[in-house]
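Chemist: Each chain, written out:
Protein chains: 2
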Amino acid sequence: MYEVWAPLATRVEVESGGIRRDMSLDNGWWRAPGDEHGVDYAFHVDGSGPFPDPRTRRQPYGLEGPSRVYEHARFTWGDQDWRGRHLRGSVIYELHVGTYTPEGTFEAVIDKLAHLVDLGVDFVELMPVAPVPGRRNWGYDGVDLYAVREDYGGPDGLKILVDACHQAGLGVILDVVYNHLGPCGNYLSKFGPYLHGYKGSYWGDAVNLDGPHSDEVRRYFIENALQWLRDYHIDGLRLDAVHALHDKRAVHFLEELAGEVEALSTVLGRPLTLIAESDLNDPGLITRYGLDATWNDDVHHALHSAVTGETHAYYGDFGSLAAVAKVMTSAYFHDGGYSTFRGRSHGRPATGVSGHRFVCCVQNHDQIGNRPLGDRMSPEQLWLAAGLLLTSPFTPMLFMGEEWGAGTPFYFFTDHYDPALAAGEGERRRREFESFGYDWKAPDPQDETTFLRSKLDWSEPTEDGAASLLGWYRDLIALRKSHPDLADPRLDRVHVRYDDDRHWLIIERGSMRIAANLGHFPVAVRVEPGHVLLASDEGTTLTGSDLYLPPLSLAIVHAKL
Amino acid sequence: MYEVWAPLATRVEVESGGIRRDMSLDNGWWRAPGDEHGVDYAFHVDGSGPFPDPRTRRQPYGLEGPSRVYEHARFTWGDQDWRGRHLRGSVIYELHVGTYTPEGTFEAVIDKLAHLVDLGVDFVELMPVAPVPGRRNWGYDGVDLYAVREDYGGPDGLKILVDACHQAGLGVILDVVYNHLGPCGNYLSKFGPYLHGYKGSYWGDAVNLDGPHSDEVRRYFIENALQWLRDYHIDGLRLDAVHALHDKRAVHFLEELAGEVEALSTVLGRPLTLIAESDLNDPGLITRYGLDATWNDDVHHALHSAVTGETHAYYGDFGSLAAVAKVMTSAYFHDGGYSTFRGRSHGRPATGVSGHRFVCCVQNHDQIGNRPLGDRMSPEQLWLAAGLLLTSPFTPMLFMGEEWGAGTPFYFFTDHYDPALAAGEGERRRREFESFGYDWKAPDPQDETTFLRSKLDWSEPTEDGAASLLGWYRDLIALRKSHPDLADPRLDRVHVRYDDDRHWLIIERGSMRIAANLGHFPVAVRVEPGHVLLASDEGTTLTGSDLYLPPLSLAIVHAKL
Chain F
1 MYEVWAPLAT
11 RVEVESGGIR
21 RDMSLDNGWW
31 RAPGDEHGVD
41 YAFHVDGSGP
51 FPDPRTRRQP
61 YGLEGPSRVY
71 EHARFTWGDQ
81 DWRGRHLRGS
91 VIYELHVGTY
101 TPEGTFEAVI
111 DKLAHLVDLG
121 VDFVELMPVA
131 PVPGRRNWGY
141 DGVDLYAVRE
151 DYGGPDGLKI
161 LVDACHQAGL
171 GVILDVVYNH
181 LGPCGNYLSK
191 FGPYLHGYKG
201 SYWGDAVNLD
211 GPHSDEVRRY
221 FIENALQWLR
231 DYHIDGLRLD
241 AVHALHDKRA
251 VHFLEELAGE
261 VEALSTVLGR
271 PLTLIAESDL
281 NDPGLITRYG
291 LDATWNDDVH
301 HALHSAVTGE
311 THAYYGDFGS
321 LAAVAKVMTS
331 AYFHDGGYST
341 FRGRSHGRPA
351 TGVSGHRFVC
361 CVQNHDQIGN
371 RPLGDRMSPE
381 QLWLAAGLLL
391 TSPFTPMLFM
401 GEEWGAGTPF
411 YFFTDHYDPA
421 LAAGEGERRR
431 REFESFGYDW
441 KAPDPQDETT
451 FLRSKLDWSE
461 PTEDGAASLL
471 GWYRDLIALR
481 KSHPDLADPR
491 LDRVHVRYDD
501 DRHWLIIERG
511 SMRIAANLGH
521 FPVAVRVEPG
531 HVLLASDEGT
541 TLTGSDLYLP
551 PLSLAIVHAK
561 L
Chain Y
1 MYEVWAPLAT
11 RVEVESGGIR
21 RDMSLDNGWW
31 RAPGDEHGVD
41 YAFHVDGSGP
51 FPDPRTRRQP
61 YGLEGPSRVY
71 EHARFTWGDQ
81 DWRGRHLRGS
91 VIYELHVGTY
101 TPEGTFEAVI
111 DKLAHLVDLG
121 VDFVELMPVA
131 PVPGRRNWGY
141 DGVDLYAVRE
151 DYGGPDGLKI
161 LVDACHQAGL
171 GVILDVVYNH
181 LGPCGNYLSK
191 FGPYLHGYKG
201 SYWGDAVNLD
211 GPHSDEVRRY
221 FIENALQWLR
231 DYHIDGLRLD
241 AVHALHDKRA
251 VHFLEELAGE
261 VEALSTVLGR
271 PLTLIAESDL
281 NDPGLITRYG
291 LDATWNDDVH
301 HALHSAVTGE
311 THAYYGDFGS
321 LAAVAKVMTS
331 AYFHDGGYST
341 FRGRSHGRPA
351 TGVSGHRFVC
361 CVQNHDQIGN
371 RPLGDRMSPE
381 QLWLAAGLLL
391 TSPFTPMLFM
401 GEEWGAGTPF
411 YFFTDHYDPA
421 LAAGEGERRR
431 REFESFGYDW
441 KAPDPQDETT
451 FLRSKLDWSE
461 PTEDGAASLL
471 GWYRDLIALR
481 KSHPDLADPR
491 LDRVHVRYDD
501 DRHWLIIERG
511 SMRIAANLGH
521 FPVAVRVEPG
531 HVLLASDEGT
541 TLTGSDLYLP
551 PLSLAIVHAK
561 L
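Just so you know, the protein sequences line up as chains F and Y, in that order. For the record, in the first sequence the residue sitting at position 501 is 501 according to full-length UniProt numbering, with numbers rising by one throughout. For the record, in the second sequence the residue sitting at position 284 is 284 according to full-length UniProt numbering, with numbers rising by one throughout.
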């Protein structure tokens with residue numbers, strides 16, 4: 001049965017095989033018999049069209065072509081033994097399918113799962129996979145939110161990857177974008193009031209979550225979430241930029257979504273995880289709406305600033321070890337105080353929220369790709385930053401290639417076919433960067449080489465054991481898993497001592513002491529007697545309670561208490 | 001000391017007595033010596049001006065003239081014995097100063113306080129008193145939010161009225177408008193980013209509560225609230241249309257406001273009450289933000305529809321006794337279900353919220369004045385509606401003149417001096433009414449006679465005892481105060497039986513039975529044996545457990561349990 005919601009239309013037709021047939025109306029939904037797997041079709045609304053199905057599962061000819069019927073039940077799964085994975089205690093690995101491998105496909109990712117298992121991560125997080133304009137895009141310009149990019153491998157390709165992840169013991173988190181739709185190929189408004197009449201963000205019109213007809217608009221997004229979790233066996237969703245959702249209802253969209261996902265989790269018998277990207281520093285996303293976790297940029301900014309010394313733009317209030325101490329014990333740096341970058345007070349305390357509910361990183365697609373030159377932290381910086389992140393009370397997330405200090409950049413890239421967008425993308429980015437206080441000297445997002453240069457170089461990762469950054473990441477993850485004190489998410493059990501002049505800090509986590517010297521001179525600090533479990537520098541020594549730390553080094557001490 | 005916040009200005013001058021003097025800058029605030037009581041002054045910002053002070057306390061020459069220094073400490077209060085009044089157990093009386101009396105002044109209201117004391121209400125609620133364009137306005141076009149309309153009597157006039165209320169045993173609630181500013185005479189944007197760049201409502205730009213510099217904008221409104229409560233001895237504020245406040249911060253403006261008011265209450269040693277007008281049916285305004293109460297339109301709509309039979313526009317989901325039963329036990333009719341008028345689901349359950357936290361009415365300025373003909377309920381309808389309202393678990397609010405079934409309408413009226421606004425006001429209203437499904441046949445808001453006809457006619461109220469509507473209101477209020485069961489705010493203790501075909505309902509409140517026959521035929525209903533405390537119709541009889549109710553009558557029975 002073809003089905004489409006078009007509550008204000010007076011006539012809707014389905015076209016398939018060159019034949020247009022009238023659909024019949026029932027309570028806003030139009031229906032017509034048919035929809036055989038593999039058949040191409042499109043809709044005409046009040047005489048205009050053809051338009052793709054708002055819930056199309058396949059767009060074999062791109063954003064502007066017809067949809068293709070795809071039956072989920074035809075796929076044969078091999079992950080019957082998969083019981084799911086909880087966020088607590090896990091490490092996430094974020095990757096962009098198009099640049100993760102030379103091939104840029106789901107299938108090619110499968111070849112790298114052994115690398116990820118070896119690294120020790122628990123979840124793969126895929127940047128958005130919905131169809132986008134052209135052949136190159138981070139994914140946040142997606143439309144046709146129920147479909148999967150054909151160049152990545154389409155619906156079957158994604159299922160095969162998820163199946164393989166599960167059989168390798170890895171969970172899968174999918175990044176989904178519900179706060180806006182891509183700037184072209186979006187035909188939702190031909191069918192119904194999916195969008196508000198006002199500008200939600202610079203990405204375009206806000207989604208209609210609280211106006212007339214918004215019940216069905218909310219269903220559109222909620223059922224999209226359920227599709228991934230149920231029909232694609234996805235284990236969790238990362239919800240893009242929830243601060244750009246406009247919803248004044250007494251029951252917020254995110255609360256409704258969380259309730260529906262919890263119900264599905266009960267039906268499926270495995271944990272399902274919702275993680276919000278949010279700029280609000282509002283623990284209510286967790287405590288009130290019932291989301292499992294949020295991204296936490298403050299932890300990134302504190303660690304990034306402490307390790308790199310950068311204090312421009314939104315790093316302005318960071319750059320001290322006091323800031324690191326604050327986030328390690330409070331999660332939010334801005335928990336009600338003044339944010340210089342925002343020009344106002346920001347956030348509220350996350351009192352009582354478990355640290356594992358904050359997904360934290362020292363690199364992610366934004367923090368690299370939204371730098372004009374897409375440059376990553378240096379390997380020297382990553383040794384220190386990873387040591388702090390992977391021993392923290394938060395849920396750590398790595399960005400592809402970080403684990404070996406990839407030399408490749410991660411640029412912002414697009415492939416708009418709309419001439420105005422193609423010409424304007426660079427300008428839009430320039431304005432955004434200027435608002436962050438950056439000069440704009442980045443490569444052209446539309447240039448294919450900008451994309452190609454962002455692909456990882458798999459000849460880089462070396463296998464020379466503990467002396468390599470890759471070995472350091474493996475060891476840190478292994479230590480985190482074998483010593484529960486290192487993964488303990490209770491923020492009120494974290495104690496930090498630091499010296500902002502000599503650039504050292506010691507984070508106490510149960511019997512573990514994470515001691516870092518971020519300065520260029522050696523330091524000797526006092527810890528309890530014990531033994532060094534892991535050190536980034538061979539010159540680290542512990543004599544009694546005196547820990548000697550070479551410049552730019554980090555050590556993890558197991559104290560005998 | 002003259003003081004004004006203008007964080008982006010490069011030069012600010014104060015002009016007084018024909019002399020312009022430069023002010024000096026400290027952290028966004030400009031200051032200059034001076035400000036003697038009674039002196040006129042204005043500001044120049046970066047060469048343009050003169051503009052009135054954003055915090056002007058007097059505008060003796062209107063919105064476009066200079067401000068005048070006014071020292072609060074010069075007023076001598078006589079309400080030293082006033083200990084304040086709690087909302088719980090109280091009855092509110094809303095009035096519009098300009099139409100309450102022939103004179104239309106604070107002073108003239110004082111002459112009516114004996115009437116209000118006699119009626120038995122606890123709080124006077126004044127519609128907004130801030131300066132407005134022209135001589136006639138409901139008050140929601142106010143600007144210069146720290147000032148008081150001169151034609152009402154200015155700051156001293158308001159203080160004299162509050163003082164008199166307190167000495168008469170009445171509390172005072174003031175209606176304040178923080179979600180928008182009036183469409184002319186608003187010079188706030190000359191001084192700083194008080195407004196967001198986007199349209200907040202049809203009233204104009206939204207107030208900047210979460211953008212850059214919004215800390216000081218929030219202070220502007222919060223200190224305004226504190227001024228009324230502290231310097232004018234006001235007992236509570238009614239916050240206009242809080243659903244039109246746009247604030248995504250983790251600490252909402254209303255939560256911050258509630259915290260500040262609670263702190264002031266502790267300092268002053270008397271209760272201070274915050275009541276929100278809200279269209280959100282969101283108990284979080286109370287449970288999360290800490291406001292004391294909200295207006296509740298659902299209760300109005302249910303009672304209005306049940307008594308009048310009207311089911312057009314936003315009355316669409318009401319009109320049944322089932323709806324009355326729902327609101328009497330749940331406060332919200334729309335507590336998550338579908339609202340036809342809104343075309344979407346609406347609200348959430350108010351579980352656990354005490355009924356007295358909902359301010360409810362059968363008439364108010366909006367529910368009368370926003371009818372095209374400004375017509376009130378008929379006296380016959382008010383007998384029934386008042387009987388249901390004044391025995392309800394909510395905080396009842398009356399609208400001026402309702403208590404005697406005033407024959408005068410309450411129209412929407414304005415006196416815009418801006419020609420475009422003067423010409424456009426009728427058209428704006430017409431569009432709004434059409435959106436409610438009304439035909440637009442109302443008198444011209446700009447016509448002075450529209451205002452004059454809205455004034456109460458004090459020759460109307462009759463004093464012929466229990467047979468008069470005025471007597472009925474007095475008796476109901478007295479009964480509510482003498483029988484705690486009638487004011488019990490616990491919604492889970494309310495039980496309602498009803499028959500939608502024969503149009504009767506019985507509301508059980510402890511040992512009290514409120515029995516209403518809303519139909520045009522007599523009915524006999526069963527209650528417990530007891531005695532009739534009050535009946536709107538002399539023909540009411542209680543024989544054993546059989547209560548005979550004449551058509552369109554209401555009786556309150558004290559059951560012997």
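Some hints could be false.
Since the list gives no way to pick out one identical chain from another, each pair is judged satisfied if it fits inside one copy or across any two copies.
[Stated by the list, open to error] SDA-like mimics (lysine to any residue), calculated; alpha carbons at most 25 Å apart, straight line: (1) K248 to D46; (2) K248 to H196; (3) K455 to L479; (4) K455 to R344; (5) K455 to G374; (6) K112 to G78.
Because the hints were derived from the structure by calculation, they are not lab data.
Chemist: Determine for every hint whether it applies to the structure shown.
Modeler: Here's how the hints hold up against the structure:
For the identical chains of this complex, K248 and D46 are neighbours neither inside a copy (32 Å) nor across copies (38 Å), given an alpha-carbon limit of 25 Å. Taking CA atoms no more than 25 Å apart as the test, K248 paired with H196 passes in both settings, with 13 Å inside one copy and 17 Å between copies. Proximity of K455 and L479 under a CA criterion of 25 Å is satisfied in neither setting, with 30 Å inside one chain copy and 80 Å between copies. In this homomeric assembly, K455 and R344 never come within 25 Å of each other (Cα to Cα): the closest approach is 39 Å inside a single copy and 46 Å across copies.
Proximity of K455 and G374 under a CA criterion of 25 Å is satisfied intra-copy only: 12 Å inside one chain copy versus 69 Å between copies. In this assembly of identical chains, K112 and G78 lie within 25 Å of each other by CA distance solely inside one copy; the values are 19 Å within and 82 Å between copies.
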